[in-house]
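Kindly generate the complete structure, drawing on both the sequences and the hints.
The listed protein sequences correspond, in order, to chains X and S. Read in order, the letters of the first sequence are residues 1 to 338 in this note's numbering. Read in order, the letters of the second sequence are residues 1 to 300 in this note's numbering.
Keep in mind that the hints were calculated from the coordinates and are not lab data. These numbers were taken from a predicted model, which means no experiment stands behind them. Don't take every hint at face value.
What the hints assert, rightly or not - No more than 30 Å apart at the CA atoms, straight line, and that leaves these computed lysine-lysine pairs for DSS-like:
#1 K282/S / K168/X
#2 K192/S / K120/X
#3 K202/S / K322/X
#4 K314/X / K252/X
#5 K52/S / K50/X
#6 K69/S / K202/S
#7 K158/S / K91/S
#8 K333/X / K127/S
#9 K252/X / K53/S
#10 K33/S / K52/S
#11 K202/S / K296/S
#12 K116/S / K51/X
#13 K143/X / K205/X
#14 K205/X / K135/X
#15 K193/S / K250/S
#16 K41/X / K150/X
#17 K192/S / K124/X
#18 K318/X / K171/S
To be verified - Computed list of chain S residues with no C-beta within reach of chain X, every gap over 12 Å:
#19 K52
#20 N57
#21 E118
#22 G130
#23 S161
#24 Q203
#25 K250
#26 E269
Cβ coordinates follow ideal geometry from the N, Cα and C atoms, glycine included.
As a plain string of letters, each chain reads:
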Amino acid sequence: MEYKFRDKVYLSTYLLDTELFDRYNFLVEDAVPIRSVFILKTNEGLKILKKVDYKLEELEYIYEALNHIRRTYPYVINFKQSIEGKPYVEYQGGIYVVLDLIEGRECIYENPVDLIGASKALAKLHSASEGIKVKDIRNNLYKMEGNIIKKIKELNMCRDFAELHLNKSDFDKLFLEYADYYIDEATQALNKLQESDYRRLCREKYVLCHHDLAHHNIIVDNEDNYYFVDFDYAVVDLPYHDLCNLITKAIKHNMWNIDMADTILQGYSLINNLKKEELDVLYAYLLFPQDFYDIIISYYMKTRGWDEDEFFEKLKRKAEYKDDRERFLRDFKEIIEV
Amino acid sequence: MDFKGGKDKIKKLDKVDDGYVIDLGSRRLYLKKVGIKESEILFINEVIEYAKKNGFNNIVVFESLSDGKPYIKFENELYVLTEIYSFVDVKKDINAFCLASLLADFHTSTRGFTAKDEIKPSVTWGKRTGKYRNLYTILDKFIDEVSQKSKHNEFEEKVISILGELKTRGKSSMKVFRSVEYFNLLELSMKKKEIVLYDIGKQTLTELDGKYYIYDVFDLAYGLIEEDLAMLIQKTNKTNKEKIIEIYSKNSPRQININVLDAYLNFPENTLKVICEYMRQKDNGLLAKLQRASIKDGVR
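See the structure below:
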């Protein structure tokens, strides 16, 4: 319910009028809202209208990066050119893009055929981005250590904040039960990263990371090609960032199943073989408790509009899978030691 | 309720379970409440039309309304309009065999279906085995938990008494679901774009004017055919398995993978679901439910 409300709020900021559509050389017959975009029925088929909420400079970078990738891996979303020959339109203070709608179905991570397919496709996407121009924007290289240190500080701060509350909420109490454990996990992740070849790999192995590999962002078309859509969060980083993202998204609703993670590694390695030093960095990424961090920061920094109960339920779910996560990390370590 | 649709006027409207019976004078129709999304109804309707184009007419039809949609919205609920069918009990052997034959024709006529651009496909490949995998993991967690206790309650004692069989059956099914054989079968099903009913229940088989129809299409999706057959065999009597396979195979060019079918049949899903519920609630009162489930699964 909360996401639908958030989407409605965002959709209401779109300015849908003919002046916007006139900036493209197609005719719009209808516009249907889905999630936070509009599906346009046009004389050139179905298209997606998206209002972008980041800087133009970043959009242009992503556009160039995707053009680079498309030379060797064509299955990435494409921007429709405006009549001015740009991949976007600036209109009444907003930046809008129009994307082709990919005919197909969303990837299902529980399906081993899809999981292997998506993993191989991810490896091909990463390979296709080799040689990409690196700029200051959308650049995560060498930053992971600093990011983790900052996040540990923030978690400690939130813990102090929760301890100070005289009338502790249910969220405060639950957080305090697990705070030390997860701060320790984050510290271990930092240690592992510092022991690894992270900095050398940043020099040699950077790629464009999608950074939001939810199953609905991988579309399987009618010829069984795996398309990547929604590059809004794309960054230049090590490929293990995306692998960590894909593994976590696949397993966190499947009892942190090690077989699924193994399938992803196998699929990825069929295209890009991963060496031991790379797997060590991946392990460090997985060790960092990103989900726990996200929910804690959202609550104490009030970055989401959820109510108290929703926050508590989400934290409770993360607390419930602590043992599964531990077991997964143990099993994962064994796999990479072999 | 204001229909504003169709040429016939509504003479009478009677509330029934799951919806309304509409009397139009010349016809009586069933307005059924469906707990699925608009996109799912559109997908299902497209599949039905595709099946009919390929000669399969033994399937429910959603009456089209004046706006051309196969559903209406009323008080935030979705309804479809159909003929009034009589539901047929698939637990009876003869009816199960009839459904096996219909399933063969249904699967054949819907194979290869591709949804139109604007219709979001419903897909189930891998979902059921994903659920089974999670249930099997919960069994392991239950074992870890009880092995650390010196005293067990009645529920735990009962599970411990059947643990050997649960583990053996679960493990052997999971072995098949992790196999190359299963992977290849899934790949084949995906290439052929197989459509399944996904669930077989009390409303799957119906009768109207002496003919039999598939009615409950509300979980219809892309999926693995072996799952539909497994669901049918489980609903009837497992001793009918060979006969059902024989009837199905006579009416369908698709070869059934018996190993994979058996893996679905042998997995003690109902018992593990109750154990899963117990792990969440720690309610000893689930014992009766456990016993019913283990009988259903044929766990001694």
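Whether S161/S stays farther than 12 Å from all C-beta atoms of chain X, as the label says: Its Cβ never comes within 12 Å of chain X, the nearest being 25 Å, so this holds.
Restraint status (C-alpha distance of K33/S to K52/S at most 30 Å): Answer holds: K33/S to K52/S is near 23 Å, not above 30 Å.
Pair hint outcome, K333/X versus K127/S [Cα-Cα no greater than 30 Å]: Satisfied, since the Cα-Cα distance of roughly 27 Å is no more than 30 Å.
Straight-line alpha-carbon gap K143/X to K205/X, limit 30 Å: holds, 15 Å
Given as non-interface: E269/S, which should sit over 12 Å from chain X by C-beta: holds, 16 Å
Assertion that Q203/S lies outside the chain X interface [Cβ separation over 12 Å]: Per Cβ check, Q203/S is outside 12 Å of chain X; nearest 27 Å; holds.
Minimum Cβ distance from K250/S to chain X greater than 12 Å, as the annotation requires: holds, 29 Å
Hinted pair K41/X and K150/X, Cα distance within 30 Å: This hinted pair is violated, its Cα atoms lying about 46 Å apart.
Hint consistency between K282/S and K168/X [alpha-carbon to alpha-carbon, up to 30 Å]: holds, 28 Å
Satisfaction of hint between K53/S and K252/X, Cα-Cα up to 30 Å: violated, 42 Å
Restraint check for K205/X with K135/X, where alpha carbons must lie at most 30 Å apart: Holds. K205/X to K135/X sits at ~16 Å (cutoff 30 Å).
Proposed proximity, K91/S with K158/S (alpha carbon, max 30 Å): holds, 28 Å
The structure shown violates the earlier hints numbered 3, 5, 9, 16, 21 and 22.
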